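Please construct the entire structure, taking both the sequences and the accompanying hints into account.
2 protein chains.
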Amino acid sequence: MKSGMPSLSDVADAAGVSKSTVSRILNNRLGNGFSVRDEVRRKVIETAKKLNYRPNLIAKSLTMQSTRMIHIFGGNHALSDLGNIYQTVVNNITQIMDSASKDYDVTVDMSRHASDASEMPAWKIDGAIILAKCTDITMDEIVQLGIPYVVVNGACPEGGSSVVPDDIGGTQMAIQHLLELGHSKIAYSGPLPPYLAGHSSLPDRHDTYLSEMQKHGLESIFWPHDILDSAEDYLKETVLEKGVTAIVAYGHMGALNLLQAAHSLNIAVPEQLSIVCYCDEYANKVMSPGLTFIDLGSQKMGKVAAELLLDQIQRPGRVEPQRILLQEKLVVRNTTAPPYSG
Amino acid sequence: MKSGMPSLSDVADAAGVSKSTVSRILNNRLGNGFSVRDEVRRKVIETAKKLNYRPNLIAKSLTMQSTRMIHIFGGNHALSDLGNIYQTVVNNITQIMDSASKDYDVTVDMSRHASDASEMPAWKIDGAIILAKCTDITMDEIVQLGIPYVVVNGACPEGGSSVVPDDIGGTQMAIQHLLELGHSKIAYSGPLPPYLAGHSSLPDRHDTYLSEMQKHGLESIFWPHDILDSAEDYLKETVLEKGVTAIVAYGHMGALNLLQAAHSLNIAVPEQLSIVCYCDEYANKVMSPGLTFIDLGSQKMGKVAAELLLDQIQRPGRVEPQRILLQEKLVVRNTTAPPYSG
DNA sequence: GAAGGCAAAGCAACCGGTTGCTTTATGGAA
DNA sequence: TTCCATAAAGCAACCGGTTGCTTTGCCTTC
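Top line first, the protein sequences correspond to chains A and B.
Per our numbering, the first sequence starts with residue 1, numbered consecutively.
Per our numbering, the second sequence starts with residue 1, numbered consecutively.
Note that these hints are calculated values from the structure, not bench results.
Treat the numbers as computed from the prediction; the structure is a model and nothing was measured.
Heads up, some of the hints might be wrong.
It does not matter which identical chain is meant; a pair holds if it fits inside one copy or across any two.
Claimed, not checked - With a straight-line cut-off of 30 Å between C-alpha atoms, the simulated DSSO-like cross-links for lysine-lysine are: (1) K329 <-> K300; (2) K60 <-> K49; (3) K133 <-> K49; (4) K242 <-> K215; (5) K43 <-> K303; (6) K50 <-> K133; (7) K49 <-> K19; (8) K50 <-> K303; (9) K185 <-> K236; (10) K329 <-> K60; (11) K242 <-> K303; (12) K50 <-> K185; (13) K300 <-> K133; (14) K215 <-> K236; (15) K49 <-> K300; (16) K329 <-> K19; (17) K185 <-> K329; (18) K300 <-> K60; (19) K242 <-> K49; (20) K133 <-> K242; (21) K50 <-> K215; (22) K236 <-> K60; (23) K329 <-> K215.
Right under this line is the structure:
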């Protein structure tokens, strides 16, 4: 009890047996030239419980191969935005992990890391989930140490596994939907796509919008527009001046703002203006009225990633690395309609 | 396992010195009865670099007294709701920790735990942040191990530190604001307050609403209303039938829904209906139009908690435990106005 | 009665570092 | 030449577990 937590030796002393005996009993490592009398076993277990003994994972990690710890990398950048899909992803991952036969402990690293530093925790981990991305050094370490991993919504190195939503397909569906309704003046509202940095969804959505518009011989109307910009200015520019009848918005917060601004400007949605956005199904559930949205399937993303990871952990070396492209779904609700022809 | 990762001994052998010498040189632990010739020092450092030696953090944290790890408890319940203030809290905590002179690693526990189980990680932690609450067993362990901790937005045991927003004062300000505008038919919209379970903000806001109304001789109008319920039904009942002119909403998502429903029902906000809600400043920032809201100060909450914790860690035993009641602020924007008198 | 076999538990090395203390080498003073 | 202080580096215990192998004791069996 010197430094707080009781150690294996403390339990051993209290129970009057040796360290190794305690270790073997608590880890149920019988056979292999070892056995105990039931009486001793009970006493040890009881003593451990009484002292509130909990193995020190750090020490355990030093010698053992498995710690049943799953570590989620990238929490700091991925969870820092409000209403982020990663929240749903993480929740679904923990849910799957909890219901797994062996239960796993899940931790999320929230620290900031320099881009040239390792994000590896000090303890040994059995599996890793990478939210969008981690530093190169971290990735190298993960691969070198042979830790099973799955990248969620991000690029992964050769031979790795990933689960990524198909933003290109989703964008195509959105445009298709608007075209079928009869729209031709379709604008895109989203942040500027920085091709080098940033997430692939930015260029994916934006570029697909451009190419789809071009494919159908339509003019593309793009004005970089972040959720913090003035939605009213944006609508004045696009809807009132350029005659835009439909907007594809990068995120649901941006869409909500557009909706509010439309109310202020007396632009009826969906009669005069259709809005479709990319959205997490949960985020959308709590919002009324129902936005027409492209479901990123974050719930499924988390689930699939967790199952993929579990599979890799449980059958090491026998699972083919997979790159799963998760189809997005168009959910038509109350913010899209045929264009106003009055 | 080995995977070629060179160990301290490998470096020592290659450089022709002992383990301890390498350790001391690489950690720059001179003095205290130890010194090296510059020649040897250079050779060791060079050898380490050549072998691409990286210390095994697991082994390191076994012996070191400090692990520089901060653990955040309660991530699973606190971060599972979208748009949660805890997200802001966590982000601000990591920010403070990162800018601390010694840098700390912050992890968030996302596992689910039975209420009679310990949530303690198996590795040593230097400090703990508890989001709202943790299991009793966990709390006991933290106290017993003498780990510095701060409870954020929740109750803490005798002698512990906590940072909590003053929901009672905030509610009083909100009601006061509405009264000054001339409202008298003020409704409260929020989840049912389960007095035993649940968070103190539920009864705090609800009860203060009741007592304030009573204090001013006004009728209280309460209909349990969650964000998933129909906002339109709620408005029909309160505004259209009972003549309510102002609503205090528990959360910003609920307020947003009320706003949308008001549009649908052609109820003008704020002309015919004032809405004020409790909200995270960040969540509100991304929303237009500007809601009048009670600022919970989650940013400050995280900052204060982190600083308090750092203080406790750096001056162990010399810091008085504090219970900080953070004042909420009323931010008047575009959803409150004098009642409609047409 | 001695040898053999097996159940039950302990010894001690090891994982990869850190650190208090000891040993060895070196040089200057007496 | 002898002694001693000090610089330079090594020894070995320790952190808290795991595990191969050995020891102890008891019961059979010949």
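ask   = Quick one: K242 to K49, C-alpha cut-off 30 Å, is that within a copy, between copies, both, or neither?
value = Classified as neither; 73 Å inside a copy, 60 Å across copies.
request  = Using 30 Å as the alpha carbon limit, work out where K185 and K236 are close: within a copy, between copies, both or neither.
outcome  = within (14 Å within a copy, 37 Å between copies)
query = Can you tell me if K60 and K49 fall within 30 Å by alpha carbon in one copy, between copies, both or neither?
reply = This pair counts as both: shortest intra-copy Cα distance 19 Å, inter-copy 28 Å.
query = At most 30 Å between C-alpha atoms: does K236 with K60 qualify within a copy, between copies, both, or neither?
reply = Answer is neither; intra-copy 63 Å and inter-copy 61 Å both fail.
message = Within, between, both or neither: how does the pair K300, K60 come out at a Cα-Cα threshold of 30 Å?
response = Neither, since 34 Å and 38 Å both go past 30 Å.
task = Please work out whether the CA atoms of K329 and K19 approach to 30 Å or closer within one copy, between two copies, in both situations, or in neither?
result = neither (57 Å within a copy, 58 Å between copies)
request  = Can you give me the call for K49 and K19, within, between, both or neither, at a CA distance of at most 30 Å?
outcome  = within (16 Å within a copy, 38 Å between copies)
key: Status of K49 relative to K133 across identical chains (alpha carbons, at most 30 Å)   = Only across copies: K133 and K49 sit 24 Å apart there, 41 Å inside one copy, limit 30 Å.
key: Intra- versus inter-copy proximity for K300 and K329 (alpha-carbon distance at most 30 Å)   = Answer is within; shortest intra-copy Cα gap is 12 Å, inter-copy 39 Å.
task = Have a look at K300 and K133 and pick one of within, between, both or neither, based on CA distance no larger than 30 Å.
result = Both. Shortest intra-copy (19 Å) and inter-copy (29 Å) distances satisfy the 30 Å Cα cut-off.
task = Since the copies are identical, ignore which copy is meant and state whether K329 and K215 lie within 30 Å (CA to CA) inside a copy, between copies, both or neither.
result = within (22 Å within a copy, 52 Å between copies)
Intra- versus inter-subunit Cα pairing at 30 Å for K242 with K303 = neither (43 Å within a copy, 46 Å between copies)
Hint check: violations occur at hints 5, 8, 10, 11, 12, 15, 16, 18, 19, 20, 21 and 22; the rest are consistent with the structure.
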